[in-house]
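Residues per chain are reported as follows:
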Amino acid sequence: MSGMVEPGWMLSTLVAALAALVAALGLGGGSILLLILTLFCGADQLWAQGLNLLLFVPTALIALGFHIKGGLVQPKTVLPALLPGMGAAALGFFLAAQLGSGLLSKLFAAMLLLLGLRELFAKPAPPSASPSGDPARKEEAGR
Amino acid sequence: MADRTSNHTTAATPPPNRGWIALAGAAAGLLNGLFGAGGGLAAVPLLGKAGLLTKAAHATSIAVILPISLISLGGYLMAGHVAVGDGLRFLPGSLLGAAAGGLLMRKIPPIWLRRIFGGFLIWAAVRMFLR
Numbered sequence: 001m002s003g004m005v006e007p008g009w010m011l012s013t014l015v016a017a018l019a020a021l022v023a024a025l026g027l028g029g030g031s032i033l034l035l036i037l038t039l040f041c042g043a044d045q046l047w048a049q050g051l052n053l054l055l056f057v058p059t060a061l062i063a064l065g066f067h068i069k070g071g072l073v074q075p076k077t078v079l080p081a082l083l084p085g086m087g088a089a090a091l092g093f094f095l096a097a098q099l100g101s102g103l104l105s106k107l108f109a110a111m112l113l114l115l116g117l118r119e120l121f122a123k124p125a126p127p128s129a130s131p132s133g134d135p136a137r138k139e140e141a142g143r
Numbered sequence: 144m145a146d147r148t149s150n151h152t153t154a155a156t157p158p159p160n161r162g163w164i165a166l167a168g169a170a171a172g173l174l175n176g177l178f179g180a181g182g183g184l185a186a187v188p189l190l191g192k193a194g195l196l197t198k199a200a201h202a203t204s205i206a207v208i209l210p211i212s213l214i215s216l217g218g219y220l221m222a223g224h225v226a227v228g229d230g231l232r233f234l235p236g237s238l239l240g241a242a243a244g245g246l247l248m249r250k251i252p253p254i255w256l257r258r259i260f261g262g263f264l265i266w267a268a269v270r271m272f273l274r
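If you read the protein sequences in the order shown, they are chains A and B. Letter 8 of the first sequence, counting from 1, is numbered 8 in this note's numbering, and no numbers are missing. Every position in the second sequence, counted from 1, becomes a number in this note's numbering once 143 is added.
This is chain B alone, in the form it adopts within the complex (with noise of 0.2 Å):
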């Protein structure tokens, strides 16, 4: 039966193609290599081609992303582009808002966060066009 809330694989639904989680990989390494960001932007769309359903898509990205960031945050150290300790005034918050969107992710509902986030990506291009 389905259920709209379920956001999981179950043993009825086909095992995930290799070849786009292999993409997306591939994808989120390049932007996360790059940019330090955006990689989720292009994994979740390519997890989702692979056959996971949206919300797994989105965990899942995260799951992937989390040992490509290793290997950028080890390059970007090395150049001395930035230091750990230049992280620590922003940690707390970081805690807190991965505890409070860990808690929300069933919640809440996907396509309003996405044109919110569209619209304020939008505007911020246009803004570092214009730098």
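Isolated chain A, as found in the complex (with noise of 0.2 Å):
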């Protein structure tokens, strides 16, 4: 954490929070923490993604307590992903310490930038049928 201007109490409490609400709701809040601290306090990346991760881990765990009590996950839909997850997980590591936070804070803003341009431009699902592939959609125009 040398270098860098550590966030008071609050102000951690406040950033935390919100970024918890937004990961809860399954919206990649994590980001929003990471973009404080690296923005704002001058954070190392490695040092604000190792954060992001440990942090992740508690309010994960309460989300999902929350999602599952109301029927949004489904184990068969889970264990496919598990081991491929994984086996990714380990080799974006290694790549991440081959690249350093320099390199890999540019990686990351590129990424921001595609995604921002995605979530920004996102259109609502149509009250009615959609030539769309969207499961949501042809759920609501099947009935």
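In case anyone wonders, no lab produced these hints; they're calculated from the structure. It is possible that some hints are incorrect.
Heads up, incomplete: computed chain A residues facing chain B, CB under 7 Å, no partners named [claimed, not checked]:
no. : residue
1   : Ala20
2   : Ser31
3   : Ala88
4   : Phe93
5   : Leu95
6   : Ser101
7   : Gly102
Subject to a maximum C-alpha distance of 25 Å in a straight line, what follows is the list of computed DSS-like cross-link-like pairs (lysine-lysine) [stated by the list, open to error]:
no. : chain 1 : residue 1 : chain 2 : residue 2
8   : B       : Lys250    : A       : Lys106
9   : B       : Lys192    : B       : Lys250
10  : B       : Lys192    : A       : Lys123
11  : B       : Lys250    : A       : Lys69
12  : B       : Lys192    : A       : Lys106
13  : A       : Lys69     : B       : Lys192
Note that beta-carbon positions come from the ideal geometry of N, C-alpha and C, so glycine has one too.
With the hints in hand, could you dock these two chains into one complex?
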């Protein structure tokens, strides 16, 4: 954390709450915490990324408790993702270590730009039948 | 009868496509290990292609990314990039936000959240490029 302006407890709580709220909605809120720490507090990219992962664990456990209770998560939809996911994570971590914080932050910025554009121009599901392949729309159209 | 607020798969819907789910896991895992973030943003649309409804996809992405995050986190801790104690001052906020998000999931219209979030990401990307 050297070289970083450490946020106080109140700011840390607010930022973490906002990031966790967005993460619990499955919107990738981890980026918010990471961005605020790196852009405003001068945190090192790799440290901020590690912190993000660390905080995601309790956040995800609590959010999942609610989502499982609400019937939104089924084991058969989770299991096929786990092995490929864990293997890819190990690969990603290895690549991160090779790139280092400087290059990594630029690459991260490029990813954010692409994803931001996608989110900004996302279209809502229309109320009636749509030729789109979105299963949510098919579900609504098919009844 | 279609219930537009329903976000569950039902017995009448086809089973989810395992190939797309595996791809969602791989994409999320790669981003998660590489950036410590962003996995959900890749996983959610791919889970949608697998046949999950919108909110089920968002919720399932969390379930997929949690074990993946443990793998990545293990790497970051062992490499010394971060220490467990570093998270202490952020923990109360994280717990509050997680509970709030868990409760809000059913009520929030996803589209406006996505747009606001998209705007924020673009602003942040520009700032990071210029840093």
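Hint by hint, here is what the structure shows:
1. Ala20: 3 Å, holds
2. Ser31: With Cβ-Cβ at 5 Å, under 7 Å, it holds.
3. Ala88: Result: holds, 3 Å to nearest chain B Cβ.
4. Phe93: 4 Å, holds
5. Leu95: 5 Å, holds
6. Ser101: 9 Å, violated
7. Gly102: 10 Å, violated
8. Lys250/B x Lys106/A: Cα-Cα ~36 Å, so violated.
9. Lys192/B x Lys250/B: Satisfied, since the Cα-Cα distance of roughly 23 Å is no more than 25 Å.
10. Lys192/B x Lys123/A: 16 Å, holds
11. Lys250/B x Lys69/A: 15 Å, holds
12. Lys192/B x Lys106/A: Given pair Lys192/B, Lys106/A is violated - Cα atoms ~29 Å apart, limit 25 Å.
13. Lys69/A x Lys192/B: 24 Å, holds
Hints 6, 7, 8 and 12, counting from the list given before, are not met by this structure.
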